[in-house]
Amino acid sequence: MSTSDIAPDARDTALQEKALAERLASLWATPRGILGALSTVDHKIIGRRYIVTAFIFLLLGGVLALAIRIQLARPENRFLGADIYNQVFTVHGSNMMFLFAVPVMEAFGVYLVPLMVGTRNIAFPRLNAFSYWIYLAGGITLWAALALDMGPDIGWFAYVPLSGPQFGAGKRADIWAQMITFTELSALAVAVEIVVTVFKQRAPGMSLDRIPLFVWSMLVTSFLIIMAMPAIMVASTTLILDRLVGTHFYNPAEGGDVLLWQHLFWFFGHPEVYIIFLPAVGMVSSIVTTFARRPIVGYLPLVLALFATGILAFGLWVHHMFVVGLPRVGESFFTASSMAIAVPNGIQIFCWLATLWDGRPQFRTPLLFVVAFIITFVIGGLTGVMVASVPLDTQVHDTYFVVAHFHYVLIGGAVFPLLGAVYYWYPKIVGRMMNERLGRWVVALLFVGFNLTFFPMHILGLIGMPRRVYTYGPEMHWGGLNLFVSLSAVILAVGFVLFFYDAIRSAFSGEIAPENPWGAPTLEWATSSPPPSCNFERIPVVSGSYPLWEEPHALSVATGLRINRRELLVTSISDASPQARESSPRNSIWPFLAAIASTVMLLSSIFSPWAVVWGSVPIAVTLIMWFWPKGTPEDIS
Amino acid sequence: MRHRAVLDVSDLPMHGLEAASPTWWGTFGFMLLEGTGFALVIAIYLYLLSLAPQWPIGAQPPRLGPGTILTVILVISIVPNYWILKWARERDLRKVRVGIVVMSLLGIAPIIPRAFEFPALGISWDSNAYGSILWTMLGLHTTHIVTDVADTLVLAALMFTRHGDNPRRFGDVQDNALYWNFVVLTWLPLYICIYWLPRL
Ligand code: HEM
Numbered sequence: 064m065s066t067s068d069i070a071p072d073a074r075d076t077a078l079q080e081k082a083l084a085e086r087l088a089s090l091w092a093t094p095r096g097i098l099g100a101l102s103t104v105d106h107k108i109i110g111r112r113y114i115v116t117a118f119i120f121l122l123l124g125g126v127l128a129l130a131i132r133i134q135l136a137r138p139e140n141r142f143l144g145a146d147i148y149n150q151v152f153t154v155h156g157s158n159m160m161f162l163f164a165v166p167v168m169e170a171f172g173v174y175l176v177p178l179m180v181g182t183r184n185i186a187f188p189r190l191n192a193f194s195y196w197i198y199l200a201g202g203i204t205l206w207a208a209l210a211l212d213m214g215p216d217i218g219w220f221a222y223v224p225l226s227g228p229q230f231g232a233g234k235r236a237d238i239w240a241q242m243i244t245f246t247e248l249s250a251l252a253v254a255v256e257i258v259v260t261v262f263k264q265r266a267p268g269m270s271l272d273r274i275p276l277f278v279w280s281m282l283v284t285s286f287l288i289i290m291a292m293p294a295i296m297v298a299s300t301t302l303i304l305d306r307l308v309g310t311h312f313y314n315p316a317e318g319g320d321v322l323l324w325q326h327l328f329w330f331f332g333h334p335e336v337y338i339i340f341l342p343a344v345g346m347v348s349s350i351v352t353t354f355a356r357r358p359i360v361g362y363l364p365l366v367l368a369l370f371a372t373g374i375l376a377f378g379l380w381v382h383h384m385f386v387v388g389l390p391r392v393g394e395s396f397f398t399a400s401s402m403a404i405a406v407p408n409g410i411q412i413f414c415w416l417a418t419l420w421d422g423r424p425q426f427r428t429p430l431l432f433v434v435a436f437i438i439t440f441v442i443g444g445l446t447g448v449m450v451a452s453v454p455l456d457t458q459v460h461d462t463y464f465v466v467a468h469f470h471y472v473l474i475g476g477a478v479f480p481l482l483g484a485v486y487y488w489y490p491k492i493v494g495r496m497m498n499e500r501l502g503r504w505v506v507a508l509l510f511v512g513f514n515l516t517f518f519p520m521h522i523l524g525l526i527g528m529p530r531r532v533y534t535y536g537p538e539m540h541w542g543g544l545n546l547f548v549s550l551s552a553v554i555l556a557v558g559f560v561l562f563f564y565d566a567i568r569s570a571f572s573g574e575i576a577p578e579n580p581w582g583a584p585t586l587e588w589a590t591s592s593p594p595p596s597c598n599f600e601r602i603p604v605v606s607g608s609y610p611l612w613e614e615p616h617a618l619s620v621a622t623g624l625r626i627n628r629r630e631l632l633v634t635s636i637s638d639a640s641p642q643a644r645e646s647s648p649r650n651s652i653w654p655f656l657a658a659i660a661s662t663v664m665l666l667s668s669i670f671s672p673w674a675v676v677w678g679s680v681p682i683a684v685t686l687i688m689w690f691w692p693k694g695t696p697e698d699i700s
Numbered sequence: 049m050r051h052r053a054v055l056d057v058s059d060l061p062m063h064g065l066e067a068a069s070p071t072w073w074g075t076f077g078f079m080l081l082e083g084t085g086f087a088l089v090i091a092i093y094l095y096l097l098s099l100a101p102q103w104p105i106g107a108q109p110p111r112l113g114p115g116t117i118l119t120v121i122l123v124i125s126i127v128p129n130y131w132i133l134k135w136a137r138e139r140d141l142r143k144v145r146v147g148i149v150v151m152s153l154l155g156i157a158p159i160i161p162r163a164f165e166f167p168a169l170g171i172s173w174d175s176n177a178y179g180s181i182l183w184t185m186l187g188l189h190t191t192h193i194v195t196d197v198a199d200t201l202v203l204a205a206l207m208f209t210r211h212g213d214n215p216r217r218f219g220d221v222q223d224n225a226l227y228w229n230f231v232v233l234t235w236l237p238l239y240i241c242i243y244w245l246p247r248l
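Same order as they appear, the protein sequences are chains F and X.
Following the working numbering, the numbering of the first sequence begins with 64 at its first residue and continues without gaps.
Following the working numbering, the numbering of the second sequence begins with 49 at its first residue and continues without gaps.
It is possible that some hints are incorrect.
[Unchecked claim] Okay, derived cross-link-like pairs now, EDC-like style, lysine to aspartate or glutamate, Cα gap no bigger than 20 Å in a straight line: (1) 81/F - 578/F; (2) 693/F - 59/X; (3) 143/X - 59/X; (4) 693/F - 213/X; (5) 134/X - 66/X; (6) 134/X - 82/X.
No wet-lab data here; the hints were simulated from the structure.
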């Protein structure tokens, strides 16, 4: 059937399941070929691309980490020179934060949120496509610069005056700043999409108290992104202006101020940690519920803890600046809120443990990652409370103690849950299972390798080894521990390699995954693995928090949607009662072209400020073409 | 999984307006995001002001003329903007066409005094940090006006084509008008910062 044979007002009501599936498949499909690939607006394809790309950046960043560890393994080593070392740790940090950790979390949101709320595509699917291309362009920019020996060398937070016009010669700092613009643009776009998807596209009946915890966590994260990322965009833009057109924001000689940079950066930078961590919390909640085989203990406290963390995150930025000398009361306030954030984190841990305690836990790989996470995160949290106190922070500031602390939070607190999430959702995304036996090896190698690598760094920090030094003399007596750390990093690396091996191999030869391999309760498991292009042939209707446990044999669904256009349901914010049958945009090449035009403008502006003017013209043209109605059935109302 | 039909949605409208429209919420999302950006720029202004021994640094306060004219135009534009919101809600195509032409003109009009505002600042962006933040504030808000005017012009053209008479377009007009209110609203604190704080 092609669209023209169908009566405009035809509905899905009377259609048999098979005919309906065929009809919807042709309506929502992504055509084969390069044009189809560049034009698709399917959140699953885009989400998958995001996930794969982010993991490639993890791999590349990991290679840099190994280079760092080779260099530091022995005193006065000559593997990397000072200048290259500066580029390497800067690109490692910036890559891990801006190209891996934040995007990978959003990527899981892009893929899973629409499925978990029971809708057919994310809100603003074309913006979603655009955001991916922009993200990719930002990543390529950073890595191409490193390959050309033009990589930023200013640390991942690019403090002025080091990054300013006076000391940061060449284009390295500009590359860093523009990479920020790219990645934040894409992150902000995705954040708005997720907020609107959660607000307006939830399955009928999915009232606020029935939203899966992962979806809540992505909602709070998206708000954090919307409130925090503009700060880094303002910061990187003013930095670029200082460097390219001679403004004086960060020049104290002309009324500017260097601390202004630190305030702007950390107003974003601290929430950033929670932008990475909150989705991980959501992933853990999903995994714990499924494998404990009982509803989560403390749903409401967990949701409130998400909100509390989100709000407190903004009270924390100054704690990165204790040593710069701020008013005493200010320091006390920020110490208090830094410690206060331990409270919601503690509540979460208790709820998860109680759920496992009271359930019948099945220790499959995803749950093992959760156990690794809980242990590691508690240690990381403890050192966090330590550095939240001003006297201690003064002592260990800028040492390897801090490097150890934030890797505990980032790897223990986010990467472990993330890998658990990969094992958990892989069957849904790929349609095949990952290998359980290899999975156990991966958990063990990563957990042991990680702790052996990073725990000694605390001690290195306490005995005085500063971060960001490319080498050290033998008389410092840091050599033994450093060698131990570097050797342990090999164990960690083997764990990661095994993980990638399992992920790639399983895509070809893993066991075929059924619809709901883990017996999980949420809606993404109510459709085939991988889901059809329309996600759900009929949109689910929900009457509880755990739909697949409450009605294990038949899914309640809605009927009466059109079959001549891409259609989904819009529902009210609080009780998710149906409000409209809304159309969802078709595939389009224009988001891709708009992203190309934006990339040309942003990169050219590093070399000539006028590019902002002439570069806007192609952007405007592509945007107009993107939004101009094409007379498809989707435009009818 | 087997399906069990429990809800018939065939009578729902084919497009939601306002709170039932995803784009309406999307517009609010972008306002929140850009509003945060403007708030931060104002925070930078106040931060630099609090550090400076005297303010403005090395210049007279900006001349009031062009900025005030622009402010008056923007505030006046709120009235037809309110009408167009109402007409769009009533789906009155004829009136909306008139309204969107008026709003296009009222969008272009402030760009003229804006061109005179930059020289009226009395300082260049590269003279000192005071000049830098002033130019940034004005530049940012100019981008804001220009993008919204471009959007309004495209929408105006669209309203005169066969695509115009469509509830979806009326929704677009509403979102666009909402956004214009936001453009006007963000200007007021900027106006006070740029023109009146240095006179205190
Ligand atoms: C996979 C194993 C990893 C190893 C062995 C490792 C190792 C290191 C080391 C030794 C440093 C300190 C460099 C120096 O100060 O001279 C460092 C810095 C850093 N790492 Fe990692 N890292 C790993 C993964 C990650 C991950 C997954 C993230 C983020 C999600 C991350 C984020 C950072 C950041 C932000 C810095 C600071 C860079 C800077 O000082 O500007 N790392 N890493």
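Hint by hint, here is what the structure shows:
1. Taken as a hint, the residue 81/F and residue 578/F pair is honoured in the structure, with Cα atoms around 17 Å apart against an allowance of 20 Å.
2. Straight-line distance between C-alpha atoms of residue 693/F and residue 59/X comes to about 26 Å, which puts the hinted pair past the 20 Å bound.
3. A threshold of 20 Å between alpha carbons decides the hint, and for residue 143/X with residue 59/X the separation of about 29 Å lies outside it, so the pair is violated.
4. A threshold of 20 Å between alpha carbons decides the hint, and for residue 693/F with residue 213/X the separation of about 14 Å falls inside it, so the pair holds.
5. Under the criterion of a C-alpha separation no larger than 20 Å, the hint pairing residue 134/X with residue 66/X is consistent with the structure, at around 12 Å.
6. Of the pairs offered as hints, the one joining residue 134/X and residue 82/X is violated, with about 25 Å between alpha carbons and a cut-off of 20 Å exceeded.
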